[in-house]
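Asks: Protein chains in written order, with the working numbering: chain A, 1 to 353; chain B, 1001 to 1504.
These are computed hints drawn from the structure, not numbers from a lab. Hints may contain errors.
As the list claims (entries may be wrong) - With beta-carbon atoms standing in for the labels, derived distance ranges: (1) A:194 - B:1368: 21 to 29 Å; (2) B:1022 - A:235: 45 to 53 Å; (3) B:1316 - A:322: 56 to 64 Å; (4) A:31 - B:1368: 47 to 55 Å; (5) A:235 - B:1392: 23 to 31 Å; (6) B:1062 - A:210: 53 to 61 Å; (7) B:1368 - A:47: 56 to 64 Å; (8) A:210 - B:1055: 27 to 35 Å; (9) B:1102 - A:36: 51 to 59 Å; (10) B:1263 - A:136: 53 to 61 Å; (11) B:1102 - A:30: 54 to 62 Å.
On a predicted model such as this, the values are computed, not experimentally measured, just so you know. From the three backbone atoms N, C-alpha and C, an ideal C-beta is built for every residue, glycine too.
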Amino acid sequence: MTVERFIPALTRGAVALIGTLAVGLVAVLAAGLDPVTTLQAIIDGALGSPYAIRQSLTEAVPVTLTALGVAVAFRAGLFNLGGDGQIYIGALGAVGVSLLFPELAPILLIPFALVVGMFGGLVWGCLAGVLRAKLRLSEIITTIMLNFIAFWIISYLVHGPLKDPGGSGYPLTREIPEAAQLPVFGDLIPSGAVLMLVAAFCVWLLLERTPTGIKIKGTGSSASASRFAGVSMSRVTILVMAIAGALAGLGGAVSLQGDQYKLGDFFSPGWGFDAVAVALIGRGTATGTLITGIAVGALRSGIQSAQGTAEVPSSIAQILLAAAVLFVIVGNAEGAGQLVRRSWARTRGLASE
Amino acid sequence: MTALVKMGGIVKSFGETIANDDVSLEIAAGEVHALLGENGAGKTTLMNILYGLTIPDEGTIEVGGVSVAPRNPADAIDAGVGMVHQHPLVVGALTVAENFSLGGLGDGSPASMLEAVADVVQTIPLEVDPRARIDSLPMSLRQRVEIVRCLAHGVRVLVLDEPTAVLTPDEVQQLFGEMERVVEQGRSVIFITHKLAEVQTIAQRVTVLRHGRNVGSFAVGDITSAELAEQMVGRELSDRSAKGAPRAAGAARLELRGVCAVGDDGECLLDNLDLEVCAGEIVAIAGVEGNGQRPLADICFGLRVPDSGEVLHDDERLPQLRDWGRSKVAIARIPEDRRHEGLLIDSPLWENLRYGPNLSAKRGLINRRHEVARARSLLEEFGVVPPDPMVPPSALSGGNQQKVVLARELSSDPDLVVAVNPTRGLDIGAQRDVRDRLAALRDAGKAVLVISTDLDEVIEIGDRVGVLYRGRLETPIARNVVDRARIGEAMAGLLDDQQNRAEA
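Chain B on its own, in the form it takes in the complex (with noise of 0.2 Å):
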């Protein structure tokens, strides 16, 4: 084989954390090589760097034999490698042709950048009008733009980032003959993605990041997808999955009954789905990312409401979250994104601990001295260091920053928790101190509702685990008759398919 890309040692951290831990890739000519991982398992970070809109902190990079440390994409793109970002960045004010000229393609008028793309159009066809502006163009024909003035630049190595997320089941298609095409001329093409069928129907080769480490680059041919799914959520499946049957559950304290969701473009994001959490269980759904679990997340946080089917609350309708404070619901939520959504990261800490639905049905004024002692006496109950209520938490640590959001959470004494992906991001440590509290919460009577796509953690903490898929939900299972291979089947979506082919 011979290497078209090189990537050797790449490490690349933004303050603490870790984004890219010693990775080495390499891509062969003529073939299309998917990278896949979970969302902030370091693949845009790694592309970003091969393109040169990231410099890294250590390693080095071959394209085509010659060494070459590019500092920007214009650098980027003189050794060969080019980039289609998910939301391409053309400039939308501008018509096709004026980008393709951005680029410096021709000497600027409509004419001379046809003709210098004419080569590239005879494989990737534009079909579209040269003077339409980019931001009248849909999504896939902004991507094809991208990409044909990538080629037309001459490059050898097109990086495509989770290009399929902005596109439908035809478009898909359409862009998959692309690459083909692509890669039939010699060139290679590095295709980012999170959804394994896509690996299996387009990709040569595959390489898995997880947790911003290469855990390894297989030909798909020898992989199964269940297999590729293991090693993406991760593969040193815990035999915890053995410690015995979950205790009796209470009564349910959350009941979503029919619960379907529909998306801004008509899709079908949450599926007549059925959940139960109890009191006293923890119940862990798995799922590669992007099958449901946010709508899912949103509706147990009152953010959404679902466009069919119930939510019940202690038998009660869930209200929005706009009224949650004034019919004193009081759900914990450990939202997915602790920096944007968990916390107001330059605010205080103590303004951060009152900063939720219950702030909206407090009136009067605000006792300073008595909401410092609060927040103090929560930071100390939770351990964040430091337990100063006036730092705002950008200067905490990752984990101490997930601990103020349980803090602030759980001060409310809820009677359930829903977290999504609790553990993301943070250290060994911090992650036990996470999961022994969810714990904790499980056997002080709460129920817990864990969203997450790491399967090393549903399947550790869950009493019950569940599969999500494509919006669709079976009923969680207790986790001693819990068949890991199985889970892996359901992720990868093969269950599925083997149903539809056994009505088939």
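Bound conformation, chain A alone (with noise of 0.2 Å):
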């Protein structure tokens, strides 16, 4: 990358993150707190301790993994606005397995929860993408819809037939056995950590090193030079929207199994939207995504610790990331506006597709 290809990515990084901060300041000085001892505070709780950083990279898994999904949805011109309905249905699979099959061994367990957990999350997903390549219905509204529907299948069931019976009266159900619980590596990093490494790496090579990638970012900026090489619109879309529900399927199964253990109606606070900031932040790529999710991973759980110690309002998190994606946007015409512009273009589009 040469040097004046650089300058505007730092002006715009620098936008961001000094609106962003901005942003911040106005919101803590407002909760009238003091920005000094409240910055510190964050830190520490996001890095200041093993335990801290162990905490950190929980918090940044599911969102991340999410995020990776809805970042390969945008490359195609799809928003996958479904995260919700995913990690949800991600975590009923992995749920479902672990208490069904609780004799296994951990070897055997942890794998199929996970890629159980996966696969519902991308049959959620594929939903959405059938019915945008069939029927033409934007995957903005369907993907939305299928959260409703995913939450409230949850809902019913955590309160009724799945509810644990001696959970006095919560609407959880059975924590999992010990055998489908993802190990934590030397007490710091979550083995779920790992897995959204690997989940980025292949999301890096499906989009910049395949010719299934060269087809989903072709489809996405145009759908008339696609047709004219031949590149079936269908194919790619319910392809993407199979990868994207996969991806937080998977988030879904991970905080399931090496954070939560138990499946309630709450389960996600909201990681599904949260991860379109991030992917859109990343500008949908596999390295912006995953170094975002980290970072607002970090943020959260410092603020959530910074709760304790210094009375932060957890809120703090969500203005920051708000005004983060803000920001981005207006520093950035040509990435994540790009993003947005082209996917809304395609929404608008879909009557003349």
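The task is to assemble the complex, starting from two chains supplied on their own in separate frames and drawing on the hints.
Replies: And the structure:
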């Protein structure tokens, strides 16, 4: 990369960072907090100890996995707003397998549950893909609707058939057996973080080193050129939504098996939508999304911990994330803005496809 | 003649494309004035400037003797200019009356609206329920709603942008009747079209635009359709047509037998078309835009299956494009619109050089270094400037973009080349390059089919020349026996009419 090309990227980064920090400062002051101690508390909470780092990574994994899927969809000109639904169905698959086959050895049960969770998400994503490809229904609408369906299915199950009878009334499933729980390496690196890295590498490989990746990016940038190249839009659409769903489903399974161990109806604190922001800030690339995802995980985890130590409200994290998205789009008409515009153009062009 | 509209020295460029190059235009009161030209000749740009949708780089506009510089359609309407686009801009989700109120007619109630349009509907009956939703109406009525809306605003000049393209023949007649009633009131109609017959039917005067320039204004009575066709597609018909008999061609590479194509509304697009393109020859098909070029090209590109008839490539049925990679079909395809069809305009060149039917057959990982090196040598071979595989086509000039398309398509070593308007929008030097390249391919024994609306080009490069008119094609004839007057007539459909008369 030449220096000339690098400078605009730096400018954009600076705009986003300064803008975000300015908004954060206003929010912190408005909450009546001292900015310096608040920042100190957040950084300590995010990175200050091995435990803090482990928590940051744990927090980062589901949102980053989902965001990687959203990024792939963005590159094909599709909005995957269905991350939450796919996460819930993924977690349902994982919890189902874990509770049905508790006798299996960990070496079998862990990957089995993960794969079933991933497959659940894949099916959920695929549904939106097929509706888009075959019936020309906007995936923006269908993925949101599928979120509701997934959420209420899970809600019904955890209030009813799957409710833990010994759970003192909470709408939660039983805890999954230890054989299904993901190990933590060296008390520092959760195995979900390793999966996240592997997934990011696979997404990078897919987008940058495979013919399919060229097709995904091609359909995202021009439907007419893709038609002329003999690339099937509907095949790519279904494939991409399947990939997005599978990654989110994996995110749900990993959070279940590596962090929460029980499925309830507030399993996801909105990772599906945070993932859209993360993928946008990461400009739809695998590396950008991975880095942003980890940063957002650390921020959330840091603020959660600062809630206890410096009484920082957790909503600050959400404000910062939203401000970051806004400033990245403002400072970057070429990248993130283009992703949104293209996807929106494809949606508006549905009728004429 | 009192000029109601005077446009002088209009210049407008979009990037490096010059859409209007010093165009002047005068429209008299009470006339239907046709604006004739191929797609991309700059007709719509010129009228968008008059209507305030596009701001010109240079030039002056006068309406009724008053100098105006419309910055938006509201300015233009105030000045007395209204415009109806091919796809009317009325809001589909609103009713007819609500659409009128959007433009500021009446106080918003259907009754007051109808009052405002009452005068207008005496000359142009609306014949629609004002409470009907626009998207429930056929295109012809949407157009009429727009026309009525413009007239109710009191415009003196009504611009109609290719209004007949979306109408049935009956509806066209009705529209022409409406146009006549409008000009009877002393207003003027500017009628954008590329159909010669319509010019002769409805217009009193005609201005021809070609490559963004005004090539002349004529009284319709003083000029024949054949002459108009020449004006429109290139009047300096070169003497290159007399460069001797073509050499003998080899085996047939592409054969179309009895090919018919039917449009969405059941209209006939291609009518029992026979065509043979042989190794070592260039077959060039002339014709005015919209006479079947698009479906013919799509069929050769594997993008459209003929409704009847056969398409043979090397004596085998031509598969659909998506199966080309698997069945090793290598046909070079130069599409009409290189920016939107030929290229991924924002993706790096090396990806563009792979983006085609062969990509679908490719498996496994891409060796990036190998691809970039391949791209660089292709770009250098085809003289693309700059030969940088990482830049996107949007950073290149039109001529270089076309070279990228050629590089990709010829890299599969095809034995057949199909090109549609391969030099449109290119500067003279780039045109030369592309035509030389096509001739070199012919000399190397490839079969070449060129479908072009540029008659100069057809006559210059075609070994055999045919004319497409209303989906029909006569067997292309050798260029040394081509009579250019006859081609002009064939393009204007006059041969056809004479034949019909003779038969009747």
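Asks: Evaluate each hint against the coordinates.
Replies: These are the hints, each one checked on the structure:
1. A:194 - B:1368: 21 to 29 Å: Because 26 Å falls inside the window, the suggested range holds.
2. B:1022 - A:235: 45 to 53 Å: Given a distance of about 49 Å, which is inside 45 to 53 Å, the answer is holds.
3. B:1316 - A:322: 56 to 64 Å: The hinted range 56 to 64 Å holds for residue 1316 (chain B) and residue 322 (chain A), with Cβ atoms some 59 Å apart.
4. A:31 - B:1368: 47 to 55 Å: Given range 47 to 55 Å: holds, Cβ gap about 49 Å.
5. A:235 - B:1392: 23 to 31 Å: holds, 25 Å
6. B:1062 - A:210: 53 to 61 Å: Given a distance of about 60 Å, which is inside 53 to 61 Å, the answer is holds.
7. B:1368 - A:47: 56 to 64 Å: Between residue 1368 (chain B) and residue 47 (chain A), where Cβ atoms are some 35 Å apart, the hint is violated.
8. A:210 - B:1055: 27 to 35 Å: Between residue 210 (chain A) and residue 1055 (chain B), where Cβ atoms are some 45 Å apart, the hint is violated.
9. B:1102 - A:36: 51 to 59 Å: Holds: the Cβ-Cβ distance is about 55 Å, inside 51 to 59 Å.
10. B:1263 - A:136: 53 to 61 Å: violated, 21 Å
11. B:1102 - A:30: 54 to 62 Å: About 42 Å separates the Cβ atoms of residue 1102 (chain B) and residue 30 (chain A), which means 54 to 62 Å is violated.
Hint compliance for this structure: hints 7, 8, 10 and 11 are not met, and every other hint is.
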